[in-house]
Amino acid sequence: MKETVITVRRKKIEIWTLVVCFVIANLVNVYAIQKFDTPWNELFWSLGYVVTTTVVIYCIWSVIRLVVYGIIGLFRKKRR
Amino acid sequence: MEKDLSRRDFLKNAGLIGLGAGTLLSSVPWMSALAQENTSKTVGEKVRIGIIGPGSRGRFLMNFIKKNSKAEIVALCDIYQPSIDEALKIAPKAKVYDDYRKLLEDKNIDAVFITTPLYLHYPMAMDALDAGKDLYLEKSMAYNVAQCFDLYQKYKSTGRIFFVGQQRLFDPRYLKAMEMIHEGRFGEIQAVRTFWFRNGSWRNKVSDPSLERLRNWRLYKEYSRGLLTELGGHLLQVGTWAMQKLPEQVMGAGGITFWKDGREVWDNVSCIFSMDDGRRITYESVISNKFYGLEEQIMGNLGTVEPEKGMYYYESGTKDGSPAKPAPGFMQMMTDVQNRIFEKLPFAGTSWEPEVAKDVKGNYIMGEDYKITTDGTQEAINAFIESVITQKQPERIAEECYYASAMVLLGYDAVEQGKILTFPHEYRLNYLNHKHQAKQTL
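Chains C and F, in that order, are what the protein sequence lines are. Going by this note's numbering, the final residue of the first sequence carries number 80, and the count climbs one at a time with no gaps. Going by this note's numbering, the final residue of the second sequence carries number 442, and the count climbs one at a time with no gaps.
Since the hints were derived computationally from the structure, they do not count as laboratory data. Be aware that a few hints might be false.
With a cut-off of at most 25 Å between alpha-carbon atoms, the simulated DMTMM-like pairs for lysine to aspartate or glutamate come out as follows [stated by the list, open to error]:
| hint | chain 1 | residue 1 | chain 2 | residue 2 |
| --- | --- | --- | --- | --- |
| 1 | F | Lys245 | F | Glu230 |
| 2 | F | Lys309 | F | Asp336 |
| 3 | F | Lys325 | C | Glu14 |
| 4 | F | Lys325 | C | Asp37 |
| 5 | F | Lys392 | F | Asp413 |
| 6 | F | Lys156 | F | Glu400 |
| 7 | C | Lys35 | F | Asp413 |
| 8 | F | Lys156 | F | Asp336 |
| 9 | C | Lys35 | F | Glu355 |
| 10 | F | Lys221 | F | Asp413 |
| 11 | F | Lys371 | F | Glu355 |
| 12 | F | Lys361 | F | Glu306 |
| 13 | F | Lys319 | C | Glu42 |
| 14 | F | Lys67 | F | Asp106 |
| 15 | F | Lys309 | F | Asp276 |
Note that the structure is a prediction, hence the values are computed from the model and not measured.
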C-alpha cells in the first residue's frame, strides 16, 4: 500500500470547506426559523440538525468535487 | 367477598362512592339506584323474578340475576323445551310455564324479564305492566315506533319499574367517557360515527326445518328488524347520550348483499340520523367483514373518544390535550422539502395530498391498568333489582331506552321506504330537545 501525504494546504481547504458548510447550514436554520416563525433559541437547540446538515452538505460537495476532478483527470490523461 | 369487592370497584370507578347527589349522579341519574346510600337500605330484601323467554340471551341475564343476593328466579316460561332444560340448570327450583299469561297471573312474582324475539316484546310487555309486574325488557323495546310509544305510555300510567337492556348506560367506560365529554374536554361533539361489523351468517343451525323461523327469528322481517334493532340501538343510544341531543331526521340504505340464504333482513345497512343544526350520528353494519369491529367514534373539535376500545385521543396529539408544540423550524422546513419531493401526486400537478388517519397512541379512559370485567349488564340488572325493591324508577332511563329503540325503528322505516323521515311529533317525548305534540294538534 502506498504512503499518502495530506498537505497542509489540503487540510486548510477541507477545514475551510467544512466551516463554509457549517455557515450555510446555520443560514438555512435562520431561514427556517424566520419562515416558520419559531423561537430564535433554536439557533442553539437545533445545532444537532445543523451539524448533521453540515456533514450532508460537505459529503455532497465532496462527491461533486470527486466527479469534477475525475473528469478533469480523464481529459488530462487523454491529452498526454 | 370477591363479589362485594368487584362491585365496590365498579362504584369507585364510576365515581359513586361518596358522591351522593354529586356531579355524576346529576348527569346520569339512573346510577342513583346503585349509590351506596340507597343499596345499604335494601339489604335482606328479595325480589322474585320470572323469566319469559330463557333462550341464550335470557340465560345470559339469568346468570347475572343469580349473582345478586337480593333476587331469586322463581319462574320460567318458554315454548321451546331445550331452552327450559338449560334454564333449569341455572334456576332448578323455578316453576315452569308454557304460557306467559299464566306466569303473569302468578302473585308470587314481583318482576319479569322478557327476553323473547322482538315481535313478542310489545304484547308481552304490555300484559306484564297491566299485570302489575315490574319489567326488564330486552332491547329493542318493540317492533315499531308506535308500539314503543304505547309501551312508554303504559309504563307511565302504571307506574311500574321499567328498564330496557341498554347496558352501556351502566358500563364504567361509558360513564367515565361521558363525564369527560360533557365536561367539554373534547370540545363540542360534531359527529358520532358508529359501526358494528361482523363476519358471520348470524344463523343458528336447525335440525328440524319446521323450527327454522322459530330459531332464526332474527333473519325474518315478520319477527325482527334485523341489524338495526339487534345491534344498532346500543350504538345510537351512545350517540345521543354523548351529544345530549335527539335527531330530527333519518335516512338510510340497506340490502342483502352477501348472505343470500333466504333471509329477509338486510346483512348490509347504513343510516344517517341528523340533528336540527346539521350534526349527525351515523350507524353502519356489514356482516361479511369484521375488520373494523365495533365502535362508537365520538368526534369533538378537540378530540375523539372510542369508548368500546376504552380510548380517547386529542386532536393536538398531546397526552393532555394542550396545543402541540410545533416542531423546530429546521424540521418543519425539511418536512416541507420532503413533501414537495416525495408526496406530491405525479399526475395532474395538484397540491392535494392523502390525509390518512393519524397514528396516535391515545389515552385510556379508565387508566392503563383497568381491566374490563363488565359491560354494564350486571350493574343494569342490579339497578333494576334495587329499583324494584325501593319502587323508585330512576330518572331518564326509560327515556334513554325509548329513544334508543325509536331511533333504530325509524331508521328501519327510512331504509324500507327509501325516504328521509322526520321523527314524528306524536311519538316524541318531552325529553332533551324533543317536544311531544299530539297528532290532532299538528
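How the hints compare with the structure:
1. Proximity of Lys245 of chain F to Glu230 of chain F is assessed by CA-CA distance (about 22 Å); at most 25 Å being required, the pair is judged to hold.
2. A hinted pair counts as satisfied when its Cα atoms are at most 25 Å apart, and Lys309 of chain F with Asp336 of chain F does not qualify at roughly 34 Å.
3. This hinted pair does not check out: Lys325 of chain F and Glu14 of chain C have alpha carbons roughly 38 Å apart, beyond 25 Å.
4. Pair hint Lys325 of chain F plus Asp37 of chain C holds up; C-alpha atoms about 13 Å apart against a cutoff of 25 Å.
5. Of the pairs offered as hints, the one joining Lys392 of chain F and Asp413 of chain F is violated, with about 35 Å between alpha carbons and a cut-off of 25 Å exceeded.
6. Between Lys156 of chain F and Glu400 of chain F the CA atoms are separated by roughly 14 Å; this keeps the pair inside 25 Å, and the hint holds.
7. About 56 Å separates the Cα atoms of Lys35 of chain C and Asp413 of chain F, which puts this hinted pair outside 25 Å; it is violated.
8. Using a Cα cut-off of 25 Å, the hinted pair Lys156 of chain F and Asp336 of chain F is violated, with the two alpha carbons roughly 63 Å apart.
9. Of the supplied pair hints, the one linking Lys35 of chain C and Glu355 of chain F holds, its CA atoms being roughly 24 Å apart against a limit of 25 Å.
10. A threshold of 25 Å between alpha carbons decides the hint, and for Lys221 of chain F with Asp413 of chain F the separation of about 12 Å falls inside it, so the pair holds.
11. Restraint check: the Cα-Cα separation between Lys371 of chain F and Glu355 of chain F comes to about 34 Å, which exceeds 25 Å; the hinted pair is violated.
12. For the hint linking Lys361 of chain F to Glu306 of chain F, the alpha-carbon distance of about 12 Å falls within 25 Å, and the restraint holds.
13. The straight-line distance between the Cα atoms of Lys319 of chain F and Glu42 of chain C is roughly 24 Å, inside the 25 Å bound, and the hint therefore holds.
14. With a C-alpha separation of about 24 Å, the suggested pair Lys67 of chain F and Asp106 of chain F falls inside the 25 Å cut-off, and the hint holds.
15. Of the supplied pair hints, the one linking Lys309 of chain F and Asp276 of chain F is violated, its CA atoms being roughly 30 Å apart against a limit of 25 Å.
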